[in-house]
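Enquirer: Residues per chain are reported as follows:
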Amino acid sequence: MSKRILILVCVALAVFMLQGCAGKKTGPSMAADASAQAVQNGDEYEDNGNGEPYPDSIEGFNRGVFSFNDGFITYVFSPFDTFYTGFFPQDIRNGFGNFYRNLAYPVRLVNALLQFKFDKMAKETASFALNTVFGVGGLFNVTRNMPALQASPEDFSQTMAFYGLGEGTYVVLPIMGPSSVRDIFGTVADSFLNPLSLVTPDSAKYALVGHDKTNAASAALPAYKEIKKESFDHYTSMKDVFFQYRRGLEKE
Amino acid sequence: MKKLFLLLLLLPSAALALDTPTSYIRSNVDAVVAILASPEYKDEATREAQMQKIEGIVDGFFDSEELSKRSLGQYWRTFTPQQRDEFQVLFLELIKSVYLKKSVAYNGEVVAFNQEIVKSDTQAEVHTTITSPQLNIPVIYYMLRKDASWKVYDVSVENVSLVKNYRSQFQSILQKNSPDQLIAILKEKTNE
Numbered sequence: 001m002s003k004r005i006l007i008l009v010c011v012a013l014a015v016f017m018l019q020g021c022a023g024k025k026t027g028p029s030m031a032a033d034a035s036a037q038a039v040q041n042g043d044e045y046e047d048n049g050n051g052e053p054y055p056d057s058i059e060g061f062n063r064g065v066f067s068f069n070d071g072f073i074t075y076v077f078s079p080f081d082t083f084y085t086g087f088f089p090q091d092i093r094n095g096f097g098n099f100y101r102n103l104a105y106p107v108r109l110v111n112a113l114l115q116f117k118f119d120k121m122a123k124e125t126a127s128f129a130l131n132t133v134f135g136v137g138g139l140f141n142v143t144r145n146m147p148a149l150q151a152s153p154e155d156f157s158q159t160m161a162f163y164g165l166g167e168g169t170y171v172v173l174p175i176m177g178p179s180s181v182r183d184i185f186g187t188v189a190d191s192f193l194n195p196l197s198l199v200t201p202d203s204a205k206y207a208l209v210g211h212d213k214t215n216a217a218s219a220a221l222p223a224y225k226e227i228k229k230e231s232f233d234h235y236t237s238m239k240d241v242f243f244q245y246r247r248g249l250e251k252e
Numbered sequence: 253m254k255k256l257f258l259l260l261l262l263l264p265s266a267a268l269a270l271d272t273p274t275s276y277i278r279s280n281v282d283a284v285v286a287i288l289a290s291p292e293y294k295d296e297a298t299r300e301a302q303m304q305k306i307e308g309i310v311d312g313f314f315d316s317e318e319l320s321k322r323s324l325g326q327y328w329r330t331f332t333p334q335q336r337d338e339f340q341v342l343f344l345e346l347i348k349s350v351y352l353k354k355s356v357a358y359n360g361e362v363v364a365f366n367q368e369i370v371k372s373d374t375q376a377e378v379h380t381t382i383t384s385p386q387l388n389i390p391v392i393y394y395m396l397r398k399d400a401s402w403k404v405y406d407v408s409v410e411n412v413s414l415v416k417n418y419r420s421q422f423q424s425i426l427q428k429n430s431p432d433q434l435i436a437i438l439k440e441k442t443n444e
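One line per chain: the protein sequences are A and B, in this order. The numbering of the first sequence is this note's numbering, which starts it at 1 and goes up by one. The numbering of the second sequence is this note's numbering, which starts it at 253 and goes up by one.
Here chain A stands alone, though its shape is the one from the complex:
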């Protein structure tokens, strides 16, 4: 266990250093944004709360990966999803989702602890216990309609934000989709706390992690298609959804 904590600390340090680099890198592109920024400042309608611009210093690269991902989703994942959802009915897919979510309880617990969010630790623990015992190992989310036990999930990226670390630039990862420099490190750190990482042999571990991700992506697919249809600028819309959602979580 102490080894794990050591890894976490190393990752945190690595992010701190990368943060420095990322900060410098955004320097030149800041000039380009400066004019837009100047107009923004004097405006009464611009700021609706958190009007910080979204950092996207590798936009060209991101747009390339984004269109690759969109093609992948449209021509590979969607047809596969039709097969997947045909094979597993909605209730079963919900069950998978509940199970993986329940299993990742240590991730949320430790990150809530690291941010001294003791009320969240209590809620998560009560939910985990009830869902594990009465929800057949977490297949059923029996606490879903208990408002007193609802808590937004904590992860290591939010923990790093809590200690004042910036999010770094926006990064669109192949297949995995929208992320940020801090989120990428957070996801890696969190994976060590996920019990799935303990599964042996490796092939079984990767199969389970893969299924978890596939099941989650399948649940998110309708929303993705909706955003695509309703947007004027799909790339910008997805970037905005990503930042609004992540910054919303940080505040809770």
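Since the hints were made in silico from the structure, they are not lab data. There may be inaccurate statements among the hints.
As a list, the in silico DSSO-like pairs of lysine-lysine whose alpha-carbon atoms are at most 27 angstroms apart [said to hold, decoys possible]:
(1) 228(A) / 354(B)
(2) 229(A) / 398(B)
(3) 205(A) / 251(A)
(4) 228(A) / 439(B)
(5) 229(A) / 305(B)
(6) 441(B) / 403(B)
(7) 441(B) / 348(B)
(8) 123(A) / 213(A)
(9) 305(B) / 403(B)
(10) 353(B) / 229(A)
(11) 354(B) / 225(A)
(12) 441(B) / 225(A)
(13) 229(A) / 354(B)
(14) 441(B) / 228(A)
(15) 251(A) / 353(B)
(16) 353(B) / 225(A)
(17) 348(B) / 294(B)
(18) 398(B) / 305(B)
(19) 353(B) / 403(B)
(20) 228(A) / 348(B)
(21) 439(B) / 348(B)
(22) 123(A) / 251(A)
Which chain A residues face chain B? A few, computed with CB under 7 angstroms, are given here [stated by the list, open to error]:
(23) 94
(24) 241
(25) 244
(26) 245
(27) 248
None of the values given here were measured: they were computed from a predicted structure. Glycine included, each C-beta is placed from N, C-alpha and C at the ideal position.
Chain B: place on chain A using the hints.
Expert: Relative to chain A, chain B alone:
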């Protein structure tokens, strides 16, 4: 006669007092849900009439000027009065169609009213949760009161504000295009 006069004086203020932010959202949501759940519209042929009835409610639900101002941000000032009017009508049309498409997917969801935050005489938030067998989705209505009634100027779903999302898109479009070009794009989108 004197009594009647007094009663007349009291009537509008009584109506005003009833119109709290939550009651405004609740009555509108209830009206839409009632139409969606009504057996009157079970038949596929009545779908059109059903949608029109909902559209009538959604029409007055939003403050189209505030929606437009906030979605355009600093660019609102660069629009001429005619462009503003044109944009406003089209943008409300778009928001309505987004809403209507969502209601077609209605599947017995229940709306719970969790919290009402009144920030001032003219500003409020109503926090709700839409509950279906699969999901709980937090939805927040942001409201302003200009004249007699509260109106909605933004909706956030899972912490993602609709207006902010359109604003980032419109800004990226307006960096390279004129207001007229944006209006043309909007026209195309609403005609789809």
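Enquirer: With reference to the structure, classify each hint as holding or not holding.
Expert: Okay, the hints, checked on the actual structure:
About 15 angstroms separates the Cα atoms of residue 228(A) and residue 354(B), which keeps this hinted pair within 27 angstroms; it holds. The straight-line distance between the Cα atoms of residue 229(A) and residue 398(B) is roughly 33 angstroms, outside the 27 angstroms bound, and the hint therefore fails. Restraint check for residue 205(A) and residue 251(A): the C-alpha separation of about 33 angstroms exceeds 27 angstroms, so the hint is violated. Distance hint between residue 228(A) and residue 439(B) is fulfilled; the C-alpha atoms sit about 17 angstroms from each other, no more than 27 angstroms.
Taking the CA atoms of residue 229(A) and residue 305(B), the gap is about 24 angstroms. The hint holds against a cut of 27 angstroms. Only pairs whose Cα atoms come within 27 angstroms are accepted, and residue 441(B) paired with residue 403(B) is accepted, the gap being roughly 25 angstroms. Straight-line distance between C-alpha atoms of residue 441(B) and residue 348(B) comes to about 13 angstroms, which keeps the hinted pair within the 27 angstroms bound. Distance hint between residue 123(A) and residue 213(A) is fulfilled; the C-alpha atoms sit about 25 angstroms from each other, no more than 27 angstroms.
The straight-line distance between the Cα atoms of residue 305(B) and residue 403(B) is roughly 19 angstroms, inside the 27 angstroms bound, and the hint therefore holds. At roughly 11 angstroms between alpha-carbon atoms, residue 353(B) and residue 229(A) fall within 27 angstroms of each other, so this suggested pair holds. With a C-alpha separation of about 13 angstroms, the suggested pair residue 354(B) and residue 225(A) falls inside the 27 angstroms cut-off, and the hint holds. Our distance criterion of 27 angstroms between C-alpha atoms is met by residue 441(B) and residue 225(A), whose separation comes to about 16 angstroms.
Note on residue 229(A) and residue 354(B): the hinted pairing holds, with a Cα-Cα distance of about 13 angstroms set against a maximum of 27 angstroms. For a cut-off of 27 angstroms, the pair hint linking residue 441(B) to residue 228(A) stands: about 12 angstroms separates their Cα positions. A C-alpha spacing of about 31 angstroms is found between residue 251(A) and residue 353(B), which places the hinted pair above 27 angstroms, so the restraint is violated. Distance check on the hinted pair: residue 353(B) and residue 225(A) sit about 13 angstroms apart at the alpha-carbon level, within 27 angstroms; holds.
Proposed proximity of residue 348(B) and residue 294(B) is supported: the alpha carbons are some 22 angstroms apart, at most 27 angstroms. Between residue 398(B) and residue 305(B) the alpha-carbon distance is near 26 angstroms, which keeps this suggested pair within the 27 angstroms criterion. A threshold of 27 angstroms between alpha carbons decides the hint, and for residue 353(B) with residue 403(B) the separation of about 21 angstroms falls inside it, so the pair holds. The suggested pairing of residue 228(A) with residue 348(B) holds, with an alpha-carbon distance near 17 angstroms, which does not exceed 27 angstroms.
Simply put, residue 439(B) and residue 348(B) have alpha-carbon atoms about 14 angstroms apart, close enough for the 27 angstroms limit, and the pair holds. Under the criterion of a C-alpha separation no larger than 27 angstroms, the hint pairing residue 123(A) with residue 251(A) is consistent with the structure, at around 18 angstroms. Hint on residue 94(A) holds. Least Cβ distance to chain B is approximately 6 angstroms, under the 7 angstroms limit. The interface hint given for residue 241(A) holds, since its Cβ lies 5 angstroms from the closest Cβ of chain B, which is under the 7 angstroms cut-off.
Residue-level restraint check for residue 244(A) holds (minimum Cβ-Cβ distance to chain B is 4 angstroms; threshold 7 angstroms). Checking residue 245(A) against chain B: minimum C-beta separation of about 6 angstroms stays under 7 angstroms; hint holds. Taking 7 angstroms as the C-beta cut-off, the interface hint given for residue 248(A) holds, the closest approach to chain B being about 3 angstroms.
Checked against the numbered hints above, the structure violates hints 2, 3 and 15; every other hint is satisfied.
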